[in-house]
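Trainee: Residue numbers (my numbering), protein chains in the order written: chain A, 20 to 518; chain B, 373 to 452.
Hint data in this document are derived by calculation from the structure and do not stem from the laboratory. Please read all numbers here as calculations on a predicted model, not as lab measurements. Some hints here could point you the wrong way.
Straight-line Cα separation of at most 27 Å, DSS-like style, residue types lysine-lysine; simulated pairs [said to hold, decoys possible]:
id	chain 1	residue 1	chain 2	residue 2
1	A	K354	A	K437
2	B	K406	A	K354
3	B	K406	A	K355
4	A	K286	A	K300
5	A	K371	B	K406
6	A	K354	A	K54
7	A	K456	A	K481
8	A	K437	A	K371
9	B	K406	A	K437
10	A	K103	A	K371
11	A	K197	A	K103
12	A	K428	A	K371
13	A	K266	A	K286
14	A	K428	B	K406
15	A	K427	B	K406
16	A	K354	A	K371
17	A	K103	A	K481
18	A	K427	A	K371
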Amino acid sequence: MQTTRWALAALLVLAGCSTTKFENSQLTAASCATKSPPAGLASCNAERRSFDATHEERPLILVAISGGGVRASALGWAILEQLKEQKYTNAAGESRRLIDDVAVISSASGGSVPAAYLGLYGPDGLDNLEHDFLSQDNMQTLGSETLRPGTWFSLVFSGNGRTDQVRELFDERLFHDKRFRDMNREGRPYVILNATDMASGEVFSFTPQRFDDICSNLDNERISVGVASSSAVPVVLEPMAFHNYSKADGCPITTMPQWVTNQLDTKELPAARFQNVELYKRARYAYDLRKGSNPFRTRDYIYLVDGGLVDNLGIHGLIEATTAHYAPEIVNVGKKDRRSILYAMNAGLVRKLVVVIVNARSDPVNDIYTSPDRPGLLAMLGAVASDPIDATSSSMNSQLRVLMDELKKADQVTHSMKVYDIEVDFDLLDPNEPKQKELRDAVKIIPTSWTISAANLAVVEKASRQLMQHNPCFQNLLLDMGITPDFPVSPELAAAGCQ
Amino acid sequence: MSIEFLYVHFEDPTGSPVSCDVLADGQAEGPANKLLMLEGGSYVISLDSTQPYQPAQIALALGGTSQIRPKILVFQFAAA
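Take the sequences, apply the hints, and build the full model.
Mentor: Here you go:
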């Protein structure tokens, strides 16, 4: 009871003593990628990344990395390292790594660390993440050394639950004050760092399109702000604050994108909202952020918390970048001709679509299922924090399954694209294999924190190798690419388990 | 988020298929005369504005088909 009172007091103190610091800057006409046409600009932030789809032997790889603190950072990093290890010979006879074919990487919370790191430093810099972050005692740096090996909640008790400190940690260890413009470069993957809009529960992604919606300059934004927003665990950390500069003096964006206007136009397209309510809601959210004349909500400020609250797998961003008709044009389909991923698929330019979903969900031991005593307040807080996240993750994963099935179904008609869905989830370790079972049990109890012990990091790496090497679709991909890995591949398993 | 299928048939005045892009709400989604995937929803479908002959745009609802039964659109040339 004493602990509960202490916890509540700490929460109340933290909730009541914050000064708002806004993290973003306004777009100006000078910063726009294009000049304003007579009808006005609907977009301004530049998009410089592009995946070259003119080489048909190359797979197009999409990656989503879940939240789960540094456990998720480590798992995401380990999976990317394995994509880096596998090499094939391209049409020019040169050796090429699978990681060079990652076109999109979407993430939530702890998964945003390796996603942004890859986006900034590229595949060649990825090795340094272990030294720079994974093997460091980050919780000690954040001031909770007395409570190690505590979880994020130890930050509350230590009085250091400030997102700014976490952002500074990211800058000091990882990003060194680099900006989104440093990731927004030719040859880099399209990185989608996902946070949650606290006011509406919408996914808020750090993408040029979303920052157009709030008339804010993404290129100028610190990468650490994106990663900290994506991982600002509610209660433990404060939300990150942003101004909505739409309709502000000097904002060069003056018109709505056509897709938003059309979805909300009930005169010309009266059935639009009934056809796809999710698409309609996305249009309405963009419309509200852009302060349309008939808003559902007028949003002057945006407060962002952990992206894991609404999509802990980062799948929403992945699906939107892949199949939304307004998706960014990040694929090079010819000489200086950039189109969306969907366009490239429709044009038959994508022969192999690889989707890697990395889920670092843990399942720590607790006494709820062994104790005859009714769970107390803290146990309930824990359940409230984790159960809905698991449920939404499961729901998002189901949506992705449906999409994958439909893409595979399309291939049955067009015979132009093969889909490889590679799911990495600790629950997929084989419980009937003693070594895998032992590994599963060890990895599922790693706490959600910003520090991971050397032993636990080794366990995550080992589990990641088991999960990838035994994955039928990964094996299938390696066989189809003519890659001979240094682990056994079963054509039977690859054929039966990847359809 | 469901995927629906669309086929836009487009020929020039001689009856030859025209190679051009299909636009949904102004965004290029893929070539005409080919099976296209599109997220279920309502769109204004038009063709690439660089074509010498411009057909009228068509408002279209795509949705509710769980099978691959593409909506087929036939665009007519507008009067010169």
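Trainee: Compare the structure with each hint and give your call.
Mentor: A quick look at each hint next to the structure:
Straight-line distance between C-alpha atoms of K354(A) and K437(A) comes to about 25 Å, which keeps the hinted pair within the 27 Å bound. Taking the CA atoms of K406(B) and K354(A), the gap is near 22 Å; set against the 27 Å cutoff, the hint holds. A C-alpha spacing of about 23 Å is found between K406(B) and K355(A), which places the hinted pair at or below 27 Å, so the restraint holds. Using a Cα cut-off of 27 Å, the hinted pair K286(A) and K300(A) holds, with the two alpha carbons roughly 17 Å apart.
Straight-line distance between C-alpha atoms of K371(A) and K406(B) comes to about 19 Å, which keeps the hinted pair within the 27 Å bound. At most 27 Å may separate the alpha-carbon atoms for a hinted pair to count; K354(A) and K54(A) meet this at roughly 22 Å. Proposed proximity of K456(A) and K481(A) is supported: the alpha carbons are some 12 Å apart, at most 27 Å. Under the criterion of a C-alpha separation no larger than 27 Å, the hint pairing K437(A) with K371(A) is consistent with the structure, at around 5 Å.
At roughly 18 Å between alpha-carbon atoms, K406(B) and K437(A) fall within 27 Å of each other, so this suggested pair holds. Pair hint K103(A) plus K371(A) holds up; C-alpha atoms about 17 Å apart against a cutoff of 27 Å. Using a Cα cut-off of 27 Å, the hinted pair K197(A) and K103(A) holds, with the two alpha carbons roughly 24 Å apart. Of the pairs offered as hints, the one joining K428(A) and K371(A) holds, with about 14 Å between alpha carbons and a cut-off of 27 Å not exceeded.
With a CA separation close to 25 Å, the supplied pair K266(A) and K286(A) stays within the 27 Å bound. As the CA atoms of K428(A) and K406(B) are separated by approximately 16 Å, the hinted pair is consistent with the 27 Å bound. Our distance criterion of 27 Å between C-alpha atoms is met by K427(A) and K406(B), whose separation comes to about 17 Å. For a cut-off of 27 Å, the pair hint linking K354(A) to K371(A) stands: about 22 Å separates their Cα positions.
As the CA atoms of K103(A) and K481(A) are separated by approximately 16 Å, the hinted pair is consistent with the 27 Å bound. Our distance criterion of 27 Å between C-alpha atoms is met by K427(A) and K371(A), whose separation comes to about 11 Å.
Hint violations for this structure: none, all hints satisfied.
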